[in-house]
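Just so you know, the protein sequences line up as chains A and B, in that order.
Per this note's numbering, the first sequence runs over residues 2 to 250.
Per this note's numbering, the second sequence runs over residues 44 to 307.
Source of the hints: derived by calculation from the structure; they are not laboratory data.
Be careful, since some hints might not be right.
To be verified - Going by beta-carbon spacing under 8 Å, a handful of chain A positions derived as facing chain B:
hint : residue
1    : S174
2    : V240
3    : L244
Said to hold, decoys possible - Facing chain A, a subset of chain B residues (Cβ under 8 Å, in silico):
hint : residue
4    : Y209
5    : E238
6    : L240
7    : T265
8    : P267
Ideal Cβ placement from N, Cα and C applies to all residues, glycine included.
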Amino acid sequence: MTIGSATPLLSAVLAPLTDLGRADAVARRITEAIALGLVADGDQLPSENDLADQLGVANGTVREALALLREAGLIETRRGRNGGSFVRTPAEGSERLQLARLSDLATVDLRDLGDEELAVFGTAARLAAERAPADLGTRLTRLVHELRDATGPAEQRRADARFHIELAVAAQSVRLTQLAVRLQAELGPLLWLPAPYGPDQERFAEQHREILVAVLAGDAAGARAAAEAHVVACVHHLVRRHLELADDG
Amino acid sequence: MTSTFSPALPAVLPVALPDALDRLAVERCARRIAAAVESVLAELDGLRAAAADCWSRAAAAGRRPAAAELAAVHGAVSELLAGTGSRWFGCGAVAAPGALADAELHVEWWYRGARGAGERRLRLALDPADAEFYDYRVLPWFARPRDEGRPVVAGPHVDLLCADRYVLCCARPVVVPGAGFVGVAAGDVPLAALERLLVPALRALPGEAALLDGEGRVLAATTPALPVGSLARGLLADPAVGRGAVPSEAVDWTVVGGRGDLFV
Numbered sequence: 002m003t004i005g006s007a008t009p010l011l012s013a014v015l016a017p018l019t020d021l022g023r024a025d026a027v028a029r030r031i032t033e034a035i036a037l038g039l040v041a042d043g044d045q046l047p048s049e050n051d052l053a054d055q056l057g058v059a060n061g062t063v064r065e066a067l068a069l070l071r072e073a074g075l076i077e078t079r080r081g082r083n084g085g086s087f088v089r090t091p092a093e094g095s096e097r098l099q100l101a102r103l104s105d106l107a108t109v110d111l112r113d114l115g116d117e118e119l120a121v122f123g124t125a126a127r128l129a130a131e132r133a134p135a136d137l138g139t140r141l142t143r144l145v146h147e148l149r150d151a152t153g154p155a156e157q158r159r160a161d162a163r164f165h166i167e168l169a170v171a172a173q174s175v176r177l178t179q180l181a182v183r184l185q186a187e188l189g190p191l192l193w194l195p196a197p198y199g200p201d202q203e204r205f206a207e208q209h210r211e212i213l214v215a216v217l218a219g220d221a222a223g224a225r226a227a228a229e230a231h232v233v234a235c236v237h238h239l240v241r242r243h244l245e246l247a248d249d250g
Numbered sequence: 044m045t046s047t048f049s050p051a052l053p054a055v056l057p058v059a060l061p062d063a064l065d066r067l068a069v070e071r072c073a074r075r076i077a078a079a080v081e082s083v084l085a086e087l088d089g090l091r092a093a094a095a096d097c098w099s100r101a102a103a104a105g106r107r108p109a110a111a112e113l114a115a116v117h118g119a120v121s122e123l124l125a126g127t128g129s130r131w132f133g134c135g136a137v138a139a140p141g142a143l144a145d146a147e148l149h150v151e152w153w154y155r156g157a158r159g160a161g162e163r164r165l166r167l168a169l170d171p172a173d174a175e176f177y178d179y180r181v182l183p184w185f186a187r188p189r190d191e192g193r194p195v196v197a198g199p200h201v202d203l204l205c206a207d208r209y210v211l212c213c214a215r216p217v218v219v220p221g222a223g224f225v226g227v228a229a230g231d232v233p234l235a236a237l238e239r240l241l242v243p244a245l246r247a248l249p250g251e252a253a254l255l256d257g258e259g260r261v262l263a264a265t266t267p268a269l270p271v272g273s274l275a276r277g278l279l280a281d282p283a284v285g286r287g288a289v290p291s292e293a294v295d296w297t298v299v300g301g302r303g304d305l306f307v
């Protein structure tokens with residue numbers, strides 16, 4: 002078999018690489034950082050050179066990525082002495098965008114997003130129960146409280162995402178952590194919309210607490226079950242909201 | 044929405060609608076879904092005609108076309124893939140064994156590139172000796188049009204060939220006078236794209252409803268309790284649940300529910 006004559010499996014493996022260029026990958030990283038609230042509205046991005054160095058790509062690739070982000074309306078670039086690229090995500094605008102996104106997505110897409118989260122978060126919870134570091138309880142308990150007490154979508158999103166990502170970190174898995182970051186960047190903004198669209202934050206915080214209790218007890222099966230139940234609740238919420246929005250639209 | 048019964052309906056409907064009225068509503072929904080299926084299949088008209096042309100021209104000259112001649116369908120393929128708001132992810136013509144002069148099997152298939160990068164031609168291993176031999180003769184989107192002479196909407200399945208999509212394959216037989224069945228004209232539609240047609244029909248029913256395929260797999264639903272792609276075979280046999288077969292020869296689909304909640 003030669004590489005030239007693509008076979009079904011080979012083309013499946015190669016597809017993501019041929020379709021997703023390096024610029025897309027860079028743009029996605031920056032989009033994730035914005036979605037997770039790691040950089041806020043008005044923040045200045047590092048210079049083209051610095052970004053290229055940090056990410057290990059050519060300057061041209063960064064330039065292409067920034068053009069993609071500009072096109073998506075996520076950054077704006079100013080010229081001159083105080084110029085540079087600035088994050089542009091006014092809360093209201095991005096929430097309107099997410100509502101439109103939730104309305105546009107098909108329930109089959111939401112289900113599939115949930116399937117991936119089920120795999121990643123369920124496994125992270127299980128492994129965290131087996132591998133959790135001693136100080137995990139303190140840190141994650143604080144994040145449970147942060148979610149319970151959060152005011153507004155931005156705080157809710159940050160507290161929720163950090164709990165999910167910290168659990169993957171506690172699982173001691175770099176790959177699971179990377180997947181968790183990507184998933185939270187995608188899910189968080191869809192989920193934590195302003196009232197009345199967001200989920201019941203107290204209920205979600207309580208579910209986080211139940212997962213944490215199982216993790217800290219070293220109960221791997223219980224932690225996975227609680228994490229999976231949480232993901233199912235999250236997908237149900239998204240599908241229900243999607244159907245309502247589709248009706249209104 | 045008009046109903047022959049509407050003048051007789053009280054202003055406030057009783058909690059339990061009469062069974063006959065329920066059945067009518069579910070049947071109306073099933074007809075709406077059948078119409079959606081037919082309209083999607085009708086979009087393959089140009090592609091089917093272009094493929095039939097290849098064989099008709101050759102037949103008129105008393106020969107079978109060569110595989111290269113099937114490239115003539117590319118115009119119709121482009122029209123489908125590039126049309127505004129196109130729901131098609133990939134499409135093409137697939138030859139019946141022996142229908143071409145110089146190839147036992149042949150797939151003339153194109154799919155959409157990422158971010159409007161144009162179309163790409165699909166290359167497949169069609170040599171039975173190849174470990175990755177793609178034997179489309181046994182796949183439902185080819186076998187059913189061949190064996191039953193009717194269009195088919197097969198799937199959904201995760202498509203490993205073109206892209207990471209969850210698709211339905213829509214296929215119509217290509218039949219040419221003098222040559223008989225020479226292949227299919229077909230295309231892949233992501234289920235997500237079809238959902239826009241299916242869910243509004245289900246939402247028009249007063250209660251929770253779902254659309255199931257022949258084996259009870261959920262194609263669309265108005266409740267998160269029935270995730271798309273999961274199996275809900277029980278609903279196909281549940282006497283407490285309303286049912287309406289989708290009246291289209293291309294599918295073996297059933298609308299279930301329509302009154303109250305599907306799961307109490």
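Right, here's what the structure says about each hint:
1. For S174/A, the interface hint is violated, the least distance from its beta-carbon to any beta-carbon of chain B being 23 Å, above 8 Å.
2. Satisfaction of the interface hint for V240/A is found here, the shortest Cβ-Cβ separation to chain B being roughly 4 Å, below the 8 Å cut-off.
3. At about 6 Å, the closest approach between the beta carbon of L244/A and any beta carbon in chain B falls short of 8 Å, and the interface hint on this residue holds.
4. A least Cβ separation of about 6 Å between Y209/B and chain A falls short of the 8 Å threshold, and the interface hint therefore holds.
5. Hint on E238/B holds. Least Cβ distance to chain A is approximately 4 Å, under the 8 Å limit.
6. Taken as an interface hint, L240/B does not check out: its beta carbon lies about 11 Å from the nearest beta carbon of chain A, beyond 8 Å.
7. Among the interface hints, the one on T265/B holds; its C-beta lies about 6 Å from the nearest C-beta in chain A, closer than the 8 Å criterion.
8. Checking P267/B against chain A: minimum C-beta separation of about 4 Å stays under 8 Å; hint holds.
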